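Enquirer: Please model the complete structure; the sequences and the hints are all you need to start from.
According to my numbering, the sequence shown is numbered sequentially starting from 14.
These aren't lab readings, by the way, just hints derived from the structure by calculation.
For clarity, every value in this text was computed on a predicted model and none was experimentally measured.
Don't be surprised by glycine CBs; every beta carbon is placed ideally from N, CA and C.
Treat each hint with caution, since some may be false.
[To be verified] Now the in silico label distances, taken between C-beta atoms and shown as ranges:
id	residue 1	residue 2	range
1	149	121	18 to 24 angstroms
2	121	74	18 to 24 angstroms
3	75	121	34 to 40 angstroms
4	48	109	18 to 24 angstroms
5	22	90	19 to 25 angstroms
6	78	47	20 to 26 angstroms
7	77	50	34 to 40 angstroms
8	146	104	17 to 23 angstroms
[Said to hold, decoys possible] Below 20 angstroms or equal to it, Euclidean Cα-Cα: the simulated EDC-like pairs (lysine to aspartate or glutamate) are:
id	residue 1	residue 2
9	151	23
10	41	23
11	146	114
12	48	23
13	150	64
14	151	64
15	27	15
16	48	114
17	38	89
18	142	16
19	38	145
20	59	23
21	142	15
22	142	64
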Amino acid sequence: MEEVHNYPFDPVIKFKQPGRSFSYKIIKEGTYPNKSSLVYTLPPNKYRIPDNYVVETTWGRSTNQCTVQCIINYNDSKPVFQICFGKYFEYKVSSVKTATDAANLFHKQYSSQKGTKTSGIYLFGLQLKILDKVRDKK
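Expert: Structure representation (structure tokens):
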């Protein structure tokens, strides 16, 4: 896995791993809530989930590329995962469960291909180490 970036000078972060790549444009990098409110993704990775976070994620092959806007805001100390899609991000799905649940809801709405899946962690960019470091400095 590889992150290619010049963040925070350039808001675009490329994430590459064998067989797939994602491009993230950071709109709002968000912050981590205090420890009593902070929520993590499920094991084994247990990534911290930021609040007030907005990212545009692009993935897929050039002929079948997709761009979505992913948003995380905490509501009553729980993260709400939203994915906006469409030409102007006019359509939206959201989940209070997990980022992957939101990703699955997105695919049900967007894709005509049954069984299409994308990891919510990758869609939301929760694995990006550079954002983790920047948020820790705040």
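Enquirer: Now, for every hint given, state plainly whether the structure supports it.
Expert: Hint by hint, here is what the structure shows:
1. 149 <-> 121: 18 to 24 angstroms: violated (35 angstroms)
2. 121 <-> 74: 18 to 24 angstroms: Between residue 121 and residue 74, where Cβ atoms are some 21 angstroms apart, the hint holds.
3. 75 <-> 121: 34 to 40 angstroms: violated (25 angstroms)
4. 48 <-> 109: 18 to 24 angstroms: holds (21 angstroms)
5. 22 <-> 90: 19 to 25 angstroms: Violated: the Cβ-Cβ distance is about 33 angstroms, outside 19 to 25 angstroms.
6. 78 <-> 47: 20 to 26 angstroms: violated (38 angstroms)
7. 77 <-> 50: 34 to 40 angstroms: holds (38 angstroms)
8. 146 <-> 104: 17 to 23 angstroms: violated (33 angstroms)
9. 151 <-> 23: holds (19 angstroms)
10. 41 <-> 23: holds (13 angstroms)
11. 146 <-> 114: violated (26 angstroms)
12. 48 <-> 23: violated (29 angstroms)
13. 150 <-> 64: holds (15 angstroms)
14. 151 <-> 64: Judged against 20 angstroms, a Cα distance of about 13 angstroms means the pair holds.
15. 27 <-> 15: Holds - the C-alpha atoms of residue 15 and residue 27 are around 8 angstroms apart, at most 20 angstroms.
16. 48 <-> 114: Distance of about 24 angstroms is beyond 20 angstroms: violated.
17. 38 <-> 89: Measuring from Cα to Cα gives roughly 27 angstroms; hence the hint is violated.
18. 142 <-> 16: Roughly 8 angstroms between the alpha carbons, so the hint for residue 142 and residue 16 holds.
19. 38 <-> 145: holds (15 angstroms)
20. 59 <-> 23: Violated - the C-alpha atoms of residue 23 and residue 59 are around 27 angstroms apart, more than 20 angstroms.
21. 142 <-> 15: The given pair, whose Cα atoms are some 10 angstroms apart, holds under the 20 angstroms limit.
22. 142 <-> 64: holds (16 angstroms)
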